[in-house]
Amino acid sequence: MAFFQAAAWADAVLHGEALRRLGQRPGADGLLCIVAMRRRDAPNAHGLPGLVLVAKPATGKPDRMGCGQHGGLGAAEQAPVMVADGPGFARGVSLADASPIDIAPSILRFLGRGLEGPAMDGRALQGSAVMEQGA
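Its first residue numbered 73, the sequence shown is counted upward by one per residue in the working numbering.
Derived by calculation from the structure, the hints in this document are not laboratory data.
We put the CB at the ideal spot given by N, CA and C, even for glycine.
Warning: the hint list may mix true and false statements.
[Unchecked claim] If you anchor each label on the Cβ, the simulated ranges turn out as follows:
#, residue 1, residue 2, range
1, A168, G88, 32 to 38 Å
2, C105, D193, 21 to 27 Å
3, A79, R163, 46 to 52 Å
Let's have the full structure, built from the sequences with the hints guiding it.
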């Protein structure tokens with residue numbers, strides 16, 4: 073861990089109990105740690121909040137720059153935008169209490185798929201009390 077913790081390009085190194093708090097199992101499938109790349113929350117060259125270093129592929133592998141990434145620990149990385157139009161979504165409403173974990177249940181409801189089955193975190197945003205007030 074010391075190598076990653078000392079690296080100028082690394083921000084946070086999560087291992088052991090920190091992985092368990094995220095629902096991960098240290099050691100399972102070879103998982104040793106999660107390294108979040110160095111970031112800053114100030115606006116970038118395009119005026120958008122957040123700047124994050126990305127890991128470049130090993131030599132000989134294609135560079136995937138511009139294809140997105142899984143995100144990291146920066147506030148802007150944990151606040152994706154979801155724009156929806158359809159039954160249950162009021163026009164011009166912004167939900168401050170919506171969370172990234174609400175995206176999958178909302179898409180499943182939009183597709184007419186039930187939310188039964190294995191437990192799912194989050195909630196479908198269609199028809200929520202806050203959403204109905206915005207109509």
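Quiz item: Among the hints numbered above, which are violated by the structure, and what are their numbers in rising order?
Solution: none
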